[in-house]
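As they're listed, the protein sequences go chains L and V. Residue 256 in our numbering sits at position 256 of the first sequence, and the numbers go up by one each step. Residue 333 in our numbering sits at position 333 of the second sequence, and the numbers go up by one each step.
Please note that a few of the clues may not be correct.
A pair counts as met if it fits within one copy or between any two copies, since identical chains are not told apart.
[What the hints assert, rightly or not] Within a straight-line C-alpha distance of at most 25 Å, the following computed BS3-like cross-link-like pairs (lysine-lysine) qualify: (1) 156 - 191; (2) 240 - 224; (3) 240 - 179; (4) 224 - 191; (5) 97 - 240; (6) 156 - 83; (7) 204 - 240; (8) 191 - 81; (9) 79 - 191; (10) 224 - 179.
Read the hints as simulated data drawn from the structure, not as lab findings.
There are 2 protein chains.
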Amino acid sequence: MGSTRARIAIDAMGGDHAPDEIVAGALKAQEELGVEVLLVGDPQQIEASLKQHTNSTRPEIVPAEGTIEMHEEPLGALKRKPKASINVAMDLVKQQKADAVISAGHSGAAMAAALLRLGRLPGIDRPAIGAVLPTIVPDRPVLILDVGANVDCRPKFLEQFAVMGTIYSQYVLGVSEPKVGLLNIGEEPCKGNELALRTYQILKDNPQIPFVGNAEGRDVLSAKFDVIVCDGFAGNILLKFAEAVGEVVLQVLRDELVQGLNGKIGTALLKPNLKRIKQRIDHVEHGGGLLLGVAGVCIISHGASQAPTIFHAIRLAKEAVDNQVLERIQSKYQKKDRQSAVTRD
Amino acid sequence: MGSTRARIAIDAMGGDHAPDEIVAGALKAQEELGVEVLLVGDPQQIEASLKQHTNSTRPEIVPAEGTIEMHEEPLGALKRKPKASINVAMDLVKQQKADAVISAGHSGAAMAAALLRLGRLPGIDRPAIGAVLPTIVPDRPVLILDVGANVDCRPKFLEQFAVMGTIYSQYVLGVSEPKVGLLNIGEEPCKGNELALRTYQILKDNPQIPFVGNAEGRDVLSAKFDVIVCDGFAGNILLKFAEAVGEVVLQVLRDELVQGLNGKIGTALLKPNLKRIKQRIDHVEHGGGLLLGVAGVCIISHGASQAPTIFHAIRLAKEAVDNQVLERIQSKYQKKDRQSAVTRD
């Protein structure tokens, strides 16, 4: 796409802490990751945020008008506000003025804007949102998809998620030989609901998918799998539960550790450790979910994202661009078209 | 059922630690909870386990031959071994010689034996397994059902789970006004897969269900809900993930706490606290899952159950018997029969 440096369009107006935290994360990324950042949004507000920093290189500002509010119905709002920051950011990718988009705004709106403005990759029926969770093994995260884009799925959707997830795991997360699992209620192939039973065989028969079997709930964080595919209903519930459970455990820790004198002394000594524990449990480090299957690299970050999350999101986007994730997915499906009769559903 | 003391039939041969741990838990319960225990299994092995204890009152032994092994296909094995401990235990309830059954053996076999020997309660299409998880609020657990008996559900099954769960929450868990939620991917009624969308309206319209709305993954441990209904696929994945995540977090704690000198001293001081934390995260205290909707009180405990879990399982069974949970469910459905046209699915 022309430039050798990845150009990342950032919805500067999206998220609870926009634009200040978004701009701060973007500046850090521009300086440390060697990417070119395009800040999309209200020029005055972005300028005000930029003034808080003393970076030598100024990112480009791309003007936009307004943003999609969290309570708005995505499709209607995107239509009513054609110049909203998320629409303008997507257009930059469409016009090849940027290689990727990042937004911490209304996630439904970001997904809808990507579908409307960029469209799906050929061969992909439904784009999926992938989320990266830490596992019991440090630096060995697991990619789960879909975590909410498609609540009712057909087996071939999950098959496509598996193909896309494998590529993402290899070329963005750096797993040389990813192991793919199917989220299910038992290890045996005969276990599961109708969707899982039918999907198992399809994944097993597809030579492009390094499928190793069913992943139970207890296996998700075990590092036995690098990619786990599921419908967006189960995936969303799992992701939100996982996000919350870290908080619950830390609360229990705080409650229980301070009991008794020993506890009080221990807690004082352990404060720095607790911070590290929180970091390892937290998913902030992981930047956000990648919207896989649309014709552009799109990262959807959490609404509560602060500068470090945006920084990590930009790193993910850069990896995806530099390693040509979209092109790799497309090439799989160009090959697959010739043998597409294999999987009919 | 005749006796004033609850009579609990226990599959003494089921589980990884049978019969020793099962017998130990049963003896403790007989002494402390005032229940009458019937130990079902191989008399010689049970006698050997009993000899390790000095309790004054000896429980009754009901002879059985063999047990269903974990690798066996439930239906075939139950048929081939009519005198297996789980079959004999279920028959005791059927013949009104016991009020409840507890097994830590093959859970699929226990469920199948209950269905075959006791049958379903009138008005219930599908029995469900309920699991109790601790929440962020001490002594305020949440009941989740179904966690694995029915992987593909129809809205009316979930409606029945909600009715049964409400009664269980009130009369076994002691929640005076239980709040019932539907596991879903968003709070709004318009969110969810087809099953959730259709179930939402049915739960809302049923005056017997204290339905308060959708429960997202992040709400499960928040104590905002006392009962959460879902299909057995999502429920099983959530339960197994929750069970494992406690272990993962404790592992991260152990890894991280010992780093540095402060960490080492802190850890030594905190050891007793860590034990308490483990207890609060653990679900051992909760005894096991209740099989709701069959014509008998059945508790299915984890295969790894040791004496404390069996003790708690017996306490659950006693509460269910003493508070007439089955009779209360039945009376709801006798009333409901008259207005059964309300929910058609």
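Going down the list of hints, with the structure as the test:
In the homo-oligomer, the alpha carbons of residue 156 and residue 191 lie at most 25 Å apart both inside one protomer (19 Å) and across protomers (23 Å), since each shortest distance falls under that limit. Taking the closest pair of Cα atoms, residue 240 and residue 224 come within 25 Å of each other both inside a single copy (21 Å) and across two copies (15 Å). Taking the closest pair of Cα atoms, residue 240 and residue 179 come within 25 Å of each other both inside a single copy (23 Å) and across two copies (20 Å). In the homo-oligomer, the alpha carbons of residue 224 and residue 191 lie at most 25 Å apart inside one protomer (19 Å), although the nearest pairing across protomers, at 32 Å, exceeds that limit.
Taking CA atoms no more than 25 Å apart as the test, residue 97 paired with residue 240 passes in neither setting, with 34 Å inside one copy and 46 Å between copies. Taking identical chains as interchangeable, the C-alpha atoms of residue 156 and residue 83 are never at most 25 Å apart, the minima being 36 Å within one chain and 46 Å between chains. For the identical chains of this complex, residue 204 and residue 240 are inter-copy neighbours only, at 24 Å across copies versus 29 Å inside a copy, given an alpha-carbon limit of 25 Å. Within a single copy, residue 191 and residue 81 get their C-alpha atoms only as close as 47 Å, which misses the 25 Å cut-off; across copies the closest is 24 Å, which meets it.
For the homomeric pair residue 79 and residue 191, the shortest alpha-carbon distance between copies (22 Å) is at most 25 Å, but the shortest distance inside one copy (44 Å) is not. Proximity of residue 224 and residue 179 under a CA criterion of 25 Å is satisfied intra-copy only: 8 Å inside one chain copy versus 37 Å between copies.
Figure legend: structure checked against the earlier numbered hints; hints not met, in rising order: 5 and 6.
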